[in-house]
Amino acid sequence: MLALKNISKSFGGIKVLEQVTLTFKRGEVHALCGENGAGKSTLMNIISGNLKPDTGSVELHGKPVIIEDVLEAESIGIAIVYQERSLVDSLTIAENIFPVNPPLNAWKLIDHKALHRNTALLLEKLQLKDIRPDTIVGKLSAAQKGMIEIAKALAKNPAVLILDEPTASLTHEETKVLFSIIRQLRQNNVAIIYISHRMAEIAILADKVSVLKDGVLQGTVPATTPVEKVVQMMVGRTLAASAFNSNATEQVLLRIEQLSGSGFRDISFTVHSGEILGLAGLTGSGRTSLAKTIFGDVPYHSGQMFINGMPFHPQNPGRAIASHIAYLPDDRKTEGLFIEKSVADNIASVHLDTAKYHKKTNEQLALQYISQLSIRTPGPGTPVRKLSGGNQQKIVLAKWLSVSPELLIVNEPTHGIDIGAKTEIYHILKNLTAKGKGIIMVSSELPELLLLADRIAVMYQGLLMDILPKQEATEEKLAALASGIR
Amino acid sequence: MKLKDRFTDRIFTLGGSILLLCIVMTVIFPDKFATIDNFSQLMLNLSIDTIVAVGMMVLMIAGMFDLSVGSVVAFAGGMAGYLMYYHDVNFVVAIIAGLAGSVLIGFVNGWLIARVGINPMIQTLAMMGIIRGFALMLSGAGIQNFPYGYIVIGQSKLLGLQMPVWYMIIILLLFAYFAKNTSFFRRYYFIGGNEKAARLSGIHVEKMKVWAFVISATLAGIAGILLSSRLGAALSTSGRGMEMRVITAVILGGASLSGGYGKIWGAFLGALFMALINNILILSRVSGYWQEVILGVILIAAVGIDQLILKKMEK
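First to last, the sequence lines map onto chains A and B. The opening residue of the first sequence carries number 1268 in the numbering used here; numbering runs sequentially from there. The opening residue of the second sequence carries number 184 in the numbering used here; numbering runs sequentially from there.
This is chain A alone, in the form it adopts within the complex (with noise of 0.2 angstroms):
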């Protein structure tokens, strides 16, 4: 039904797809996968109207189509459900579904009327019973917003309907709903386009799967194929598991008791020196608002912290740095990098209230991390926004180890960069903790908390569900802790 032949894109001259033909069916879940910059998300903007291919051309019913924007893609009836939130805050609900075609009247002016019923019938298929059409969606949790998401794409009545690692913030009943939703579209002739990285799903859910690499199309195998065998395809070599030892000590470098904050409450755990304590948990679950608390970013209500025993009050980020305690945050985009600003004056930013700004000392700072690191930068003058996410997310690590951290908290440590850049940051992360450093590991690739972890904290709405030792922790058991499943 929808076919896409020979699309080729790039991107300042780097080459983002090439040569990609690929057919969906209706009535088929057709799964994507790929590493994160494989071009799976290239390809569904061309899909959906947001971009156009250099080369190659978009077909449906055999018929070649050329896709100007976004509502002419709708119009032929190709809806996407985006990874990022495409929602307003300040509206409600119902105005969120229908943003630019709401159900007019014979005067066309809005049917406020049917909009309500249109959106209350959406919301009762999605099984969404304590909110109402006119709720206003900043009030809404992230599983919520995720979930009105989805009904804003099925409120088109799409025949190919693209789904972007659609339950990155779904909890395990919303997950429910919308998996026996896919499969209702697939029983109505609908085309659905999977995009998700976690192999679970896509085993029980899908028809077929096709990888990309790099931006070539690496095959289409159908969804019995074993996980290992499609990871591979992925990655081009299997992982090598269970790679790292612990060094984790008995000397307790934090202590939290009872700590309770904005999105978090009655939060208790330690990190001992040399150890990796992971942080599970689905976005909204307030792993995030405890991390930034921790670091002195934002306020806690009540409760106390202790590091190496001695009572410890973060009142800001200034405070904590000064007690050895660094943050990495999770988008390093808006949160860790000046991004105009050389790969120097980025990680010497942290030193700006103590040293001089002194070039050349900044630069000899930078050169130093720049091999420590593997920084892969013509020199340390270049601005970061220049790099690579591998290498920018890099930097941001350089700037965090140059205070020197006894506890680094890091927040989404490998988002969106390449499965090289990915092991060397968990070599430079567990090197660390043979110097005896404790790390806080905030993350949602749950493989990754399983690889590097001593220990695994669960977090779902707020409060800490368990701690699994490494021996213990397993896929299933940490995703069904992460919502709310004991």
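Hints listed in this document are in silico derivations from the structure and should not be mistaken for laboratory results. All figures in this text were calculated on a predicted structure; none of them were measured in a lab. Don't be surprised by glycine CBs; every beta carbon is placed ideally from N, CA and C. Take these hints with a grain of salt, some might be off.
[Claimed, not checked] Computed cross-link-like contacts, DSBU-like style, restricted to lysine-lysine with a CA-CA straight-line distance of at most 30 angstroms:
| hint | chain 1 | residue 1 | chain 2 | residue 2 |
| --- | --- | --- | --- | --- |
| 1 | B | Lys390 | A | Lys1319 |
| 2 | B | Lys363 | A | Lys1380 |
| 3 | B | Lys446 | B | Lys495 |
| 4 | B | Lys390 | A | Lys1423 |
| 5 | A | Lys1282 | B | Lys379 |
| 6 | A | Lys1412 | B | Lys363 |
| 7 | A | Lys1406 | B | Lys446 |
| 8 | A | Lys1412 | B | Lys340 |
| 9 | A | Lys1480 | B | Lys495 |
| 10 | A | Lys1627 | A | Lys1653 |
[Claimed, not checked] Far from chain A by the CB rule (all over 12 angstroms, computed), these chain B residues:
| hint | residue |
| --- | --- |
| 11 | Leu204 |
| 12 | Cys205 |
| 13 | Phe212 |
| 14 | Pro213 |
| 15 | Ile244 |
| 16 | Trp294 |
| 17 | Arg298 |
| 18 | Gly300 |
| 19 | Ile352 |
| 20 | Ile374 |
| 21 | Leu383 |
| 22 | Ile386 |
| 23 | Ala485 |
Given the coordinates of chain A, assemble chain B onto it according to the supplied hints.
Chain B only, in chain A's frame:
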């Protein structure tokens, strides 16, 4: 709507404050405040600002603002006056020319901001100076002696209220109705709320932005024609400082600088509140100098209280 939500809804809090002020004033100055004359004068004073504020509200919902509106007010009146006085142009044609000029200014603003990517603050700041210059060239020391037909527009009365008040009411009703019931205006809430999301939802953000500036400049043009007709003169200094007054009114009325929030009625309530404060100060014989001080304090208080409530609610 729940009671808690009511207290964060500016239409409700501002409307309540206005009502309270009116009651208090009626008790203190029964023979001066609660008169038809005072009411009609109050409405006349705020009508011109309100018309401009409606356009500014649309822009601020979309997350932008326009500093050139005060200059456009002077320009539109000056353009019409110039054509009528020096070239004996029919007053209808003169008005159309004044409005056409305003539309063009709005289009240039919008096009340069949306298509070329100039920051709205810089673009409209520059335009404010440019248009003020043109207004000076057109009306010089001021133009008077307008034809009767032009004077009637702003100086006649209907049911005891001056015509500018009626125009304001018509514009308010139209815009409030359309802002609620047409997807065209609803799109501005998306653009202001999350521009990227708006684009991904298929909204033509650039086109909509150009339209917003055209709407704002057109309303400023209408206000300019009305003002010159009411005064019986086109002055190059008309509308000086109006942009700040109007932005203050719109923010008091519930708009946010980052966009996504605001209702058309908020523009009216904001302007009404400011006119009311002015009226109270005059009646209480307080020096006019205090007006700006008090308005500044009120603006900070209104926005500050909002932030405090928001922080409380997040906990």
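Hints, one by one, checked against the model:
no., hint, verdict
1, Lys390(B) / Lys1319(A), "holds, 20 angstroms"
2, Lys363(B) / Lys1380(A), "holds, 13 angstroms"
3, Lys446(B) / Lys495(B), "holds, 24 angstroms"
4, Lys390(B) / Lys1423(A), "holds, 23 angstroms"
5, Lys1282(A) / Lys379(B), "holds, 25 angstroms"
6, Lys1412(A) / Lys363(B), "holds, 24 angstroms"
7, Lys1406(A) / Lys446(B), "holds, 20 angstroms"
8, Lys1412(A) / Lys340(B), "violated, 53 angstroms"
9, Lys1480(A) / Lys495(B), "violated, 48 angstroms"
10, Lys1627(A) / Lys1653(A), "holds, 22 angstroms"
11, Leu204, "holds, 28 angstroms"
12, Cys205, "holds, 30 angstroms"
13, Phe212, "holds, 40 angstroms"
14, Pro213, "holds, 42 angstroms"
15, Ile244, "violated, 9 angstroms"
16, Trp294, "holds, 20 angstroms"
17, Arg298, "holds, 16 angstroms"
18, Gly300, "holds, 16 angstroms"
19, Ile352, "holds, 20 angstroms"
20, Ile374, "violated, 9 angstroms"
21, Leu383, "violated, 4 angstroms"
22, Ile386, "violated, 6 angstroms"
23, Ala485, "holds, 18 angstroms"
The structure fails to meet hints 8, 9, 15, 20, 21, 22 from the earlier list, while all remaining hints are met.
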